[in-house]
Amino acid sequence: MSTPLGLPTLRSGTADVPSLPDGVRLGKKDFTSGSEVRWCPGCGDYAVLAAVQGFLPELGLRKENVVFISGIGCSSRFPYYLDTYGMHSIHGRAPAIATGLVASRPDLSVFVVTGDGDALSIGGNHLIHAMRRNVNMTVLLFNNRIYGLTKGQYSPTSEVGKVTKSTPSGSLDAPFNPVSLALGAEASFVARTLDTDRKHLTQVLKAAAEHRGTSLVEIYQGCPIFNDGAFDVLKDREESVARLVRLEHGQEVVFGAEGSQKAVVRSASGFGVEVVGLEEARAAGREPVVHDTRTADPSLAFALSRLDEPTMAHVPVGVFRAHSRPTYDDGVRSQLDAAREASGGTGWRAGDDDLEALLRGGDSWTVE
Amino acid sequence: MSTVPDPQRSPEQPAHRVDKQVEVLERVVIRFAGDSGDGMQLTGDRFTAETASLGNDLATLPNFPAEIRAPAGTLPGVSSFQLHFADHDVTTPGDAPDVLVAMNPAALRANVHDVRPGGTLIIDTDDFTPRNLAKVGYATSPLDDGSLEGYRVHALPMQSMTVEALKDLGLSRKDAERSKNMFALGLLSWLYERPTAQTERFLTAKFAKRAAVLEANLRSFRAGWAFGETTEAFPVRFHVPPAPAERGTYRNITGNAALAYGLVAAAHRAGLPLVLGSYPITPASDILHTLSGLKRFDVTSLQVEDEIAAVGAALGASFGGALGVTTTSGPGLALKSETIGLAVALELPLVVVDVQRGGPSTGLPTKTEQSDLLQAMYGRNGESPVPVVAPSTPADCFDAAVDAVRIAVKYRTPVLLLSDGYLGNGAEPWRVPAVHDVHAVDPDISTDPNSTADDGMTPQFRPFLRDPDTLARPWAVPGTAGLEHRVGGLEKADVTGEISYDPANHDRMVRLRRAKVKGIEVPDVTVDHGGQEHADSDLLVLGWGSTRGPITAAVREARRRGVRVAQAHLRHLNPLPANLGEVLLAHERVLVPEMNLGQLALLLRGRYLVDVISCNQVRGLPFTSTEIVEAIEDVVAGRVRPTPRRDAR
Chain A
1 MSTPLGLPTL
11 RSGTADVPSL
21 PDGVRLGKKD
31 FTSGSEVRWC
41 PGCGDYAVLA
51 AVQGFLPELG
61 LRKENVVFIS
71 GIGCSSRFPY
81 YLDTYGMHSI
91 HGRAPAIATG
101 LVASRPDLSV
111 FVVTGDGDAL
121 SIGGNHLIHA
131 MRRNVNMTVL
141 LFNNRIYGLT
151 KGQYSPTSEV
161 GKVTKSTPSG
171 SLDAPFNPVS
181 LALGAEASFV
191 ARTLDTDRKH
201 LTQVLKAAAE
211 HRGTSLVEIY
221 QGCPIFNDGA
231 FDVLKDREES
241 VARLVRLEHG
251 QEVVFGAEGS
261 QKAVVRSASG
271 FGVEVVGLEE
281 ARAAGREPVV
291 HDTRTADPSL
301 AFALSRLDEP
311 TMAHVPVGVF
321 RAHSRPTYDD
331 GVRSQLDAAR
341 EASGGTGWRA
351 GDDDLEALLR
361 GGDSWTVE
Chain B
1 MSTVPDPQRS
11 PEQPAHRVDK
21 QVEVLERVVI
31 RFAGDSGDGM
41 QLTGDRFTAE
51 TASLGNDLAT
61 LPNFPAEIRA
71 PAGTLPGVSS
81 FQLHFADHDV
91 TTPGDAPDVL
101 VAMNPAALRA
111 NVHDVRPGGT
121 LIIDTDDFTP
131 RNLAKVGYAT
141 SPLDDGSLEG
151 YRVHALPMQS
161 MTVEALKDLG
171 LSRKDAERSK
181 NMFALGLLSW
191 LYERPTAQTE
201 RFLTAKFAKR
211 AAVLEANLRS
221 FRAGWAFGET
231 TEAFPVRFHV
241 PPAPAERGTY
251 RNITGNAALA
261 YGLVAAAHRA
271 GLPLVLGSYP
281 ITPASDILHT
291 LSGLKRFDVT
301 SLQVEDEIAA
311 VGAALGASFG
321 GALGVTTTSG
331 PGLALKSETI
341 GLAVALELPL
351 VVVDVQRGGP
361 STGLPTKTEQ
371 SDLLQAMYGR
381 NGESPVPVVA
391 PSTPADCFDA
401 AVDAVRIAVK
411 YRTPVLLLSD
421 GYLGNGAEPW
431 RVPAVHDVHA
441 VDPDISTDPN
451 STADDGMTPQ
461 FRPFLRDPDT
471 LARPWAVPGT
481 AGLEHRVGGL
491 EKADVTGEIS
501 YDPANHDRMV
511 RLRRAKVKGI
521 EVPDVTVDHG
531 GQEHADSDLL
541 VLGWGSTRGP
551 ITAAVREARR
561 RGVRVAQAHL
571 RHLNPLPANL
581 GEVLLAHERV
591 LVPEMNLGQL
601 ALLLRGRYLV
611 DVISCNQVRG
621 LPFTSTEIVE
631 AIEDVVAGRV
641 RPTPRRDAR
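Protein sequences, first through last, are from chains A and B. Take the first sequence: its letters are residues 1 to 368, numbered as in the numbering used here. Take the second sequence: its letters are residues 1 to 649, numbered as in the numbering used here.
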């Protein structure tokens, strides 16, 4: 048996979060805690922290209504460095803990900070279920393709054949593509960005925070100690222009330097997409695909996510999907509201009389 | 609410009446047994509800297989429901049934050996075919071969009589046969003068949308009653007068329902929203079912992806200022261990309910056991003290839940509430408390900074600055300006809550967490000397949790036989009552019955150096009072002694 839920959509992710009074603005400093930051020199986490401290004031929210929950791993120290409410929890469980918090507190803007091992290995189950439920939270998935805090073992996003302390002969298992995984798990907002591109990072994080539902942002993040150079080809100015496919809603998907531009077109087989020269494509009457983040059908977003390959010849970044659908926590609360209303109770819950009636039940008897 | 209906009123005037004798009984133990699909649990539940409303005291023991529908007519598929009711205080579901209602050969075979000699067997004979007899290993029919000679046997074709009663309803034979449990219920209701109005009301509500099924059930129920009234096979009906009871409003309740209501009432009184994170598991799922229907009391129930997410969601909600609760059984508790450890480190309120079942591993999902005590006490990494509270009867699950909430909120700690399958599924009458009598714990959620910065002026919030009396830390929740802080599983500095790897600080924090739990206020354990004021008993029988009923019955019986025996029962396993050591030392011998292999005994020996004597069984069923009486007599007679000490030289 199922029943139509009639839930609202199309509200901002922070619609129920109290904002600052008019004229009051917070700055980066307000979101910086007194704790000394303890990441390795050169770690990509510094850049993400700076970007987050930079963009949080832009949301215009009261900082006491912002919460960061993390799991375990280098990046999961994140909450300690922000002067908001925070919880550094246990390995892989942050999405589950955040689910309970979000379901009971609509007035909070909740961020989950996690890494490739935390989110995709030990916590894979919680991540996919949070996304399918569409819990209103923003997940920052720091992907450095290595286990850093345990000193350098391969992770579920490491390339096949990765030689590490635990895989001296090369790792055997194929990696996850976090964007494909998120789309397959019905995530309503999926994006990818890079620690080295402050502007892009900020734009994507802001869009993610304002999306109502689970926003999954994969952040390519360099680990100079245990996976140095993993994203070097994307850091180099020229190389990045040639390789990064910057997705924009409503825009043709083209990339590359002037003169050698490439286009993403529907593949000849009819399924998926492929990369061809832009001029060659136009000559053959094959128009580049137009990116649509809002469509209910995730097929194009998924096809774009499959452009990834180990040499990083073309790496799509930006928002893959930003589709509005009812969130789990709104649903939970609307069922609660409906039950309270139906019970005729005033205020926020049924009263003592109702509780006494419940305790007595239908079949009570009295001894005089 | 209803007043006691006239038990003599029959639901339907029979065609002719046979004059019946009425025999007055003090107590009866009935067991209904049939196939898992025969509706024996429902039949037992209804008979129990009728009995409760009549004012008898009672205790029940549902007993069913883990398979939803084992192959029909086989021994593993037998499901039973035992009910003990009396005109006096009842503490157990009864050792040996006086009456067995067996709906098929398998039910007879699986249960007849438990029936007391001379007991009554009411047998549905329709399924006694050679094939069905062979299926359960009967070479000849026990109805004919004299093997039931020691019992009063009523062999009745109940299935055929049901079909006959429903013949003009146009049901298939198979559908008609499904109401045979109601025929049996009607017959037994007549035999024991049970009121029928409630059952009719219940059926009417249950099958409101299925008129044909409702009609079939009502008619079968009335046909069973009418058969009793008219047949000469039952010349006597039985009257069990109401038990004396204190004034008040009563209802019948299972442990799982009482536990759920206790959590709701305690949260309601504390003014806290309740957030349940749960994952279905036998025998705890009924708590999830109950709480998911109580949204109007500000109860959010989240059925999440696994046991770990369930406790995680509950803890996340607690961080946000709700009362986080998670419900499970042993295997689920194992999965939750790491998160409970996190809750110990965060020092946030959390109630973890474990409705224990037989283990290890999947074990006996539908059977009871008390073997998670050590898991509850110690099943986490590091020094990770958690208060443990154990209800002792189905109705007591309400009070134990209220107490667990009190401790969790007042002391900012996860609390383990150890129920078990017997308590969860078993039922008894419960005097319903007034809501204002339920303990109201003050959540005392922080609104302002609790300290000043080093300058002595700037207000500052210190998340681990403890209450000097309770050692509880402040509960500051997101949304409160000025109290922003970070918590986490990494060790925190005392007072400030900053990350700290300082050796002395860790040593201090470990001891502080222990001291906090040790200092939780719990009442002294009371010792019952059977009305004697002085503690001159030869033996103390000490139990915890659901063994209270059988221990109480056994102690009464032992006293009747002249043994001087004292009884005490533990509600709080951590911390233990402050006077427990004194109580143990005041008795020459201490007997500890447990449905495990000696887990409380181990704790008592370790803590008090007292050589307690264990009495253990793990058959998946509660103790019978008889086996505890035997253990008491063995100890008193010196047949069982404490371990010999080697330091006697």
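FYI, nobody ran anything at the bench for these hints, they're computed from the structure. Just so you know, these numbers come straight off a predicted model, no measurement behind them. Treat the hints with care, since some could be wrong.
[Unchecked claim] Below, in silico cross-link-like pairs of lysine to aspartate or glutamate (EDC-like), each with a Cα-Cα straight-line distance of 20 Å or less:
#	chain 1	residue 1	chain 2	residue 2
1	B	Lys518	B	Asp448
2	A	Lys206	A	Glu159
3	B	Lys206	A	Asp363
4	A	Lys63	B	Asp126
5	B	Lys206	B	Asp175
6	B	Lys518	B	Asp502
- Message: Hint compliance check: list the failing hint numbers for this structure, sorted ascending.
- Response: Of the numbered hints, 1, 2, 4 and 6 do not hold.
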